[in-house]
Amino acid sequence: MQAKLSCATVQSDFVKKVEELSGQDLLACYQCGKCSAGCPIVEEAEILPNQVLRLVQLGQKEDALHSKTIWLCASCYTCMSRCPRGVDLSKVMEALRQIVLRKNFDHVKISELSRKTIEELPPIALVSNFRKFTG
Amino acid sequence: MSEKLKTNPSIELSMETMTRRALVIGGGIAGMQTALDIADAGYEVILVEREPSIGGHMIQLSETFPTLDCSQCIMTPKMVEVSQHPNIRLMTYCEVEDVAGKVGQFDVTIKKKAAYVDREKCTGCGLCNEKCPTKVSSEFDLGLGKRKAIYVPFPQAVPPKPVIDADNCRFLKNGKCGVCKKVCEVEAIDFEQTDSFVEDRVGAIVVATGYDLYAKEKVSEYGYGQYPDVISGLEFERLLSASGPTNGEIRRPSDGRVPKEAVFIQCVGSRDQEKGVPYCSRVCCMYTGKHAMLYKHRVPDGQAYVFYMDIRADGKGYEEFVQRGVEEDGTLYLRGRVSRVFQQDGKIVVWGADTLTRKKIEIAADMVVLATAIVPTAGARELAKKLNITTDEYGFYNEAHLKVHPAESGRPGIFLAGCSHSPKDIPDTVAHAGCAASKVTTLFSSLRAGSDATDSLTQLSATEGREG
Amino acid sequence: MKIHYYPGCTLKVTATQFESSAIASARAVGVEMLELPRWNCCGTVYSLASDDLMHQLAPIRNLIRVRNENGNAVTTLCSMCLNTLKRANLLVNEDPEKRRTINAFMDEEEDYDGGIEVVHLLEILRDRIGFENIREKVTNPLKDLRASPYYGCLLLRPEEVGIDKAESPTVLEDLLQCIGAEPTDNPFKTECCGSYQTVDKADLVMEKTRDIISWAARNSAECVVVSCPLCFFNLDRRQKDLAERETGAILLPVLYFTQLLALALGLGAEVCGFEMHVVDPRPLLSGKGMI
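Chains as they are written, first to last, in the working numbering: chain A, 1 to 135; chain B, 1 to 468; chain C, 1 to 291.
Next up, chain A with everything else stripped away, as it sits in the complex:
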């Protein structure tokens, strides 16, 4: 459970990429936790949304990208609408997902969805899910 920090980690390409894709000033977040306090999916998450951002602030690429939280995010925008620092966390979550997905890794296994599931679900569920979870 150790993180060795240096210029190379905290100013890494990964950090810059997240900032660029999300358009957010990551260090503006002062880790107050309000986003996590209102997030609808935290019960399933193993790390809190604010902690995901914290990991990026510390340049901890592997931990951030391997978190379950970024895939549990439902893009409900509650976090960004209440953040006292004006940080749009939903965009940071998207940036992290994109970094993974753009390596041709899909988070949802479409071929494993049954025909019945596909027929029952509203089209917007499928469209939005694939939009968020495929590259």
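For the record, the hints were derived by calculation from the structure and aren't laboratory data. Be a bit skeptical, because a hint or two may be false.
Said to hold, decoys possible - Quick look at which bits of chain A chain B covers, simulated, 3 or more residues with Cβ under 8 Å:
1) 25 to 38
2) 78 to 87
3) 98 to 107
Said to hold, decoys possible - Ranges between beta-carbon positions, derived for each pair:
4) C/G266 with A/Y30: 54 to 62 Å
5) A/K68 with B/G379: 47 to 55 Å
6) B/A364 with C/T139: 41 to 49 Å
7) A/D25 with C/D280: 29 to 37 Å
Using N, Cα and C, we set each Cβ at its ideal position, and we do this for glycine too.
Use these hints to put chains B and C onto chain A, whose structure you have.
What follows is chains B and C alone, placed relative to chain A:
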């Protein structure tokens, strides 16, 4: 800085033209302390306060950190001293209407608001208050208690003379009642009274107008103003006060029950550039720690929870005080902000976070106390215009230099004391007030010593434009 | 008034009852919804990556369709479509460079000038028709119906595209009152239903459904009123899934606001498609004499 300040640095003054009398605007602890310091140095002071009594917000507090001194015990002797000091002319229920002139020669017009009571004749017997049939919400108790239409705001008021609230007085509105006049034994009730104006000349002005708390309407996400059991820190002080609406018992405003689960939320409106003000209000970490302790003293089987981001306990004895609350009174500090508060089945459900254990926290509270942001008092900007001094973007008065001239406004002869300048606790307010007083007495006494009248003023003017 | 109407995919597949009741009730209060020809899927949800213009093509192309019809505004029923179209519209209005790039890429279409207004039907009913005017046209007020409005997320957030205050919206309550129903409170009315997680994380959605429905029931609601086909599915279908797993689960029917509006305007159950619901609302509604 206004145009006037850029004028010539040497202002012609002499003993004949410098009036060695000070005007202090605001009768809270800052104004009172400044007035006493200047008066003790031998100069006349006019202390103007727009409420019926001096005391400001400090007199609304119950016990003060870090000593848990009773606020009234510290203040009332000072209030009496102010009212009896031979050098202090106390003008309550008055407001500064206009200011003209310049340092050494300010011509001030003061409005004496119509109280409909001849406060010279009044003996403070209290019979009128007793007999008045109209009860309305008390401003002093922040709506948690009631007062009469003819009222003294609180028992220790100085002067202990009532005023009549024209908007709620039956006689002044509809010509009915008038019982106060009937029972008054010294014929002090005067329904014909109107606002009057007095003019005076002073050599220096100290602005000590204090603060207000962030408005209810702006804190919509925590149910403040919507749920009666969500209250501000100052309202909680009134509940704690022995002379308050519940005689010092902690009771829910909704049903009077004693709350067993009390949640305190810090930084409501503060450090919040999106929905509030970006600055830190400085006193909330300390008074919230105090609130949690006092709550536990009154409700020993209750539990206090404090949602915080940081604990700012930087004064003498402050850190130890906060730790005492944790170790002796079991205050549970949860590191995280609160996202939502809503009411359900008589409880206030609070959703916050504890980032230290990475958990979303839900508490079904009986009462929620919000440490709301400190903002400048209502009317601060208008007064600044009258005085021709500047305010920052929030309405706090600008100092001449943040580090080395904190009690001087940018304008010669006008000084600042207390929270009118920036949020402060009581020790810092008293120190700041003393600093302002010393600037005034320096101004007045430098002439008495026969020194060049322009010296001290040149120094003052030279600080203009020097930021650092 | 006439307004162009963008249905989106789901209104034509699993939410046809939302569409039929909407078109009929809108017509009855003076709003003629004209379906856009050649519309395509809006590509929900709005892509949040700053460099992603590819996923903005779909929503922008729909706005171009409105221009093709010489229109200035378009209405939609689906919260997800509303959010996606509105946010894409805002993006190209705030960043002319991006608009130029998108227009250049879609060279088979006319250029989009950024001038289309996207409105939800609720906004039209509230702001252009007026609830008082709707009240006058109500022939069968829904007396004694205790309905819990559920807004979900994308109708309200982020603030720049929301149709009402995100923390304490009232548009559905106001509409329900004007058609004679009694709106009940629900502290979970703006909490997310789980959205697209329903595809492969149905358990997560069931937990959200449980919270939303149980809070509605605790406040004596008899039904839940929604405005989004995904919220509808998550609350309607997943309620049944939950009931199959646990005994003693209460089942509250989920209704679209347009279905209740249609009933109140006397248009009858024929335009409402109640047979499509998993939790059947007909026993409740016929018990109240509304169908």
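Point to revise | Cβ separation of A/K68 and B/G379, checked against the hinted range 47 to 55 Å | key: The hint (47 to 55 Å, Cβ to Cβ) holds, given that A/K68 and B/G379 are roughly 54 Å apart.
Check your understanding: Would you say the region 78 to 87 of chain A counts as covered by chain B, given the rule of at least 3 residues with C-beta under 8 Å?
Key -> Satisfied; 6 residues make the cut.
Review point. Are C/G266 and A/Y30 spaced within 54 to 62 Å by their CB atoms?
Key: Taking Cβ atoms as reference, C/G266 and A/Y30 lie about 56 Å apart, which means the hint holds.
Practice item. State, for the Cβ atoms of B/A364 and C/T139, whether the hinted interval 41 to 49 Å holds or is violated. Key: This hint holds: roughly 44 Å between Cβ atoms.
Review point. Do A/D25 and C/D280 keep their Cβ atoms within the hinted range of 29 to 37 Å?
Key: 51 Å, violated
Point to revise | Coverage criterion applied to the region 98 to 107 of chain A (partner chain B; beta-carbon cut 8 Å; 3 residues) | key: violated (count 0)
Check your understanding: Quick check: the region 25 to 38 of chain A, covered by chain B? Criterion 3+ residues, Cβ under 8 Å.
Key -> Holds: 9 residues of the region 25 to 38 of chain A have a Cβ under 8 Å from chain B.
In summary, the structure is inconsistent with hints 3, 7 from the numbered list given earlier, while agreeing with the others.
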